[in-house]
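With the hints as your guide, set chain B onto chain A.
Residues per chain are reported as follows:
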Amino acid sequence: MSPRKQPVLELDPAVVRRARSLARTAGRPVVDLARHHTTVSVERATLRLAGLSGADHENLPWVNHLVDAVRAEVGLEHGVTTPVWDALRRGEAPDLITLAQKASAGAVSFRLPTGRDATAATRAARTSVARGIRTIDRQRTARERLIRRHGDAPRTPWIYLIVATGDIHEDIPQAQQAAREGADVIAVIRSTGQSLLDFVPEGATREGYAGTYATQENFRLMRAALDESSKELGRYVRLTNYASGLCMPEIAALAGLERLDMMLNDSMYGILFRDINPIRTFVDQRFSRQVHARAGIIINTGEDNYLTTSDAVEAAHTVTVSQLLNEYFAKEAGLEDWQLGLGHAFEIDPAVPQSFRLELAHALLARQLFPKAPLKWMPPTKHMTGDVFRGYLLDGFFNLVGAMTGQSILLVGMMTEAVVTPWLSDRDLALQNVRYVLDAAGGLTEDFHPPRDGFIQTRARQVLSEAVELLEAIVADSDSAGDPPLLSAIADGTFGSMRRPPTKGKGLDGVVVKADDYDNPATTLLEDGATR
Amino acid sequence: MSATRKAPSGPVVRPYGDTTGDGMVQVSFTLPLPHDKRAEGAALQLAAKMGMEPALLVHAKAMGPDFTFFVVYGSVTHLVDVGDVQVVEREFPLLTPKEVNAAIKKRLRRKLVVVGACIGTDAHTVGIDAILNIKGFAGEKGLEYYRELRVINLGAQVLVPELVNTAREVRADAVLVSQVVTQRDAHIHNTT
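Protein sequences appear in the order of chains A and B.
Residue numbers for the first sequence follow numbering that gives the first Met the number 0, beginning at 0 and rising by one.
Residue numbers for the second sequence follow numbering that gives the first Met the number 0, beginning at 0 and rising by one.
Derived from the structure by calculation, the hints contain no laboratory data.
One or more hints might be untrue.
[Stated by the list, open to error] In silico lysine to aspartate or glutamate, EDC-like type, Cα no more than 16 Å apart, as pairs: (1) A:LYS503 x B:GLU161; (2) B:LYS140 x A:GLU335; (3) B:LYS60 x A:GLU180; (4) A:LYS330 x A:GLU526; (5) A:LYS371 x A:GLU335; (6) B:LYS104 x B:GLU147; (7) B:LYS97 x B:GLU147; (8) B:LYS60 x A:ASP11; (9) B:LYS104 x B:ASP172; (10) B:LYS36 x B:ASP65; (11) A:LYS505 x B:GLU161; (12) A:LYS381 x A:ASP348; (13) A:LYS330 x A:ASP116.
[Unchecked claim] Simulated coverage check for chain B against chain A, where a stretch passes if three residues somewhere in it have a Cβ under 8 Å from a Cβ of chain A: (14) 148 to 156; (15) 162 to 173.
Keep in mind that this is a model prediction, so the values were computed, not measured.
Ideal Cβ positions, reconstructed from N, Cα and C, are used throughout, including at glycine.
Same shape as in the complex, but just chain A:
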């Protein structure tokens, strides 16, 4: 990631500061809200960090059983760990998994300990959860060591390729082949529908629809395969998956434990595009980002989605607003600039006059607003047709914008987008396209300085000021329930024209208001940076 030294766009620093300060104003009440709630998935993630894994004969994980049992008896408002480790101390079961198994049969009685018992239970819980946190720390160190040993990706942008067969044992050879062909980052697309499962499937899976289930074992298998490839190729090949949907915190924890390198993790995607309850999303979001921060994982945000549902010129400023909000929420959770893979996309209708110059303006704006962030540049999808020849040219122009504006992660576009799942030859041609453009024009960042009041600079300033206007409207929003302005703006359909009130959406029943004595050792360890 080498941001250019001289700023190319002359943005008014006061406007940029105003935009950031508005994002903070919009985000802060939502963070407060997140601090005051927990969710079933946050609690399950905490148990996973303490080492509880596996599932019953119907594939329902033990973490689900244990959280449900505790919730039924004493509620979750005090956190799941205190009653669980109290039960272990009382000898209800010799270990966590036996306790979960007994609890699933209703054979454990939980209570809320007080006084010394409470202190002892929280201390024991912290000791167990800290082991998981230390595993995440060790995996982060292992990644750094492997990058030193094998070397990093040879240049930026990193080349990002997707595999998605549904079968982990098919995905592995495809991912290894993609790495050989030049991919620096492999993303395993998830099975459609996993985002709405309120549990994480178990084991190696061979059945998925348009993608492969995210499971701990699938993570482990793929990371091991790419470790082999990294050794063979002499460069560390990164692995990406999705921390999103109802199990976002658990998947983030598994990603940290199994050394995934990047995770898709957007602050509002689940709310808008999956109709997941806004409060559930923001609570899960904060925990998962705290885990990613600790694990040294780069997050990828999903701003490209706004442009596939809305017009990419009219909605350009919504991308900027979302990037600013994602940045605020990410930094609040402890992520550093180098971990913010903020997203944007080449989705302007090619029939729009000067579409290429507009794309350049938008891409430069993102580059300049977030100079240290590894921006993720997404290829055209909406205006790809069956004309693969035209699509190949469009992908070439997409690559050129990426090269000219110094993007950091480049998702490789396929000319057969909207036609078939990529063929072997499509991937090969797409990589030739990327390599040609990067070799031919990679240095253009040095020469490309659009004039001060030219089309590109003017357009970038216009998008930024529209973003500020939208942020002003968001912070001024209100509803009768007194929700944070951002939540009432989401309820009003401000983003992607989708109305998502905080009282509706999937997963709402898994949200719990914390009691004063709420304890979660994972959150404490993550927020304090402690290891024990």
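Positioned in the frame of chain A, the structure of chain B alone reads:
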């Protein structure tokens, strides 16, 4: 070719490269063979079997150790009898938005209610949005644009019972269900 070959009923055409009747086509494909002379011969054999005679192998490139990508140009021997082409014509007239509104007003005397949703696990709303959203697609306005239509777009990943309840609640005249066509035929399972 059967013995009872009937006389062509319409104009007979061949593909057009740069001269009338030259029959030129281009194809590209991959064979699971390492790139060598034998692989190139195999590509030409396939072209011949596809009716390309003579075929010109203009490009062959190894993709890894086990695959080769080919581009072949050639003249096809096949003739196309345009008279045999059957086109299924639309069985109803296409109305303008104004005519649609007028027809609903006249015949229904109330608003026509349309409920749309991407059901099951599907989150790909691009298709249903193109039909329903006021913005529409490729210059055609979506159904929300029609004054006499009431459109309820439930969006992505709607559970079927939820869709049925909504349809009952609003007394829908039409329910539009969207499912992306995926591998392993998930869409067939979800819609049957």
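Results for each hint:
1. Between the alpha carbons of LYS503 (chain A) and GLU161 (chain B) the distance comes to roughly 13 Å, so the proposed pair stays at or under 16 Å and holds.
2. About 44 Å separates the Cα atoms of LYS140 (chain B) and GLU335 (chain A), which puts this hinted pair outside 16 Å; it is violated.
3. Taking the CA atoms of LYS60 (chain B) and GLU180 (chain A), the gap is near 14 Å; set against the 16 Å cutoff, the hint holds.
4. For the hint linking LYS330 (chain A) to GLU526 (chain A), the alpha-carbon distance of about 12 Å falls within 16 Å, and the restraint holds.
5. Between LYS371 (chain A) and GLU335 (chain A) the CA atoms are separated by roughly 9 Å; this keeps the pair inside 16 Å, and the hint holds.
6. Taking the CA atoms of LYS104 (chain B) and GLU147 (chain B), the gap is about 7 Å. The hint holds against a cut of 16 Å.
7. This hinted pair checks out: LYS97 (chain B) and GLU147 (chain B) have alpha carbons roughly 10 Å apart, not beyond 16 Å.
8. Distance hint between LYS60 (chain B) and ASP11 (chain A) is unfulfilled; the C-alpha atoms sit about 51 Å from each other, more than 16 Å.
9. Distance check on the hinted pair: LYS104 (chain B) and ASP172 (chain B) sit about 14 Å apart at the alpha-carbon level, within 16 Å; holds.
10. Between LYS36 (chain B) and ASP65 (chain B), the direct Cα distance comes to roughly 14 Å. Compliance with the 16 Å bound is thereby established for this hinted pair.
11. For the given pair, LYS505 (chain A) sits about 12 Å from GLU161 (chain B) by alpha-carbon distance, which is consistent with the 16 Å threshold.
12. Between LYS381 (chain A) and ASP348 (chain A) the CA atoms are separated by roughly 8 Å; this keeps the pair inside 16 Å, and the hint holds.
13. Between LYS330 (chain A) and ASP116 (chain A), the direct Cα distance comes to roughly 36 Å. Violation of the 16 Å bound is thereby established for this hinted pair.
14. Look at the segment 148 to 156 of chain B against chain A: 3 of its residues bring a Cβ nearer than 8 Å to a Cβ of that chain, three or more, so the hint holds.
15. Look at the segment 162 to 173 of chain B against chain A: 0 of its residues bring a Cβ nearer than 8 Å to a Cβ of that chain, fewer than three, so the hint is violated.
The structure fails hints 2, 8, 13 and 15 (numbered hints given earlier, in ascending order).
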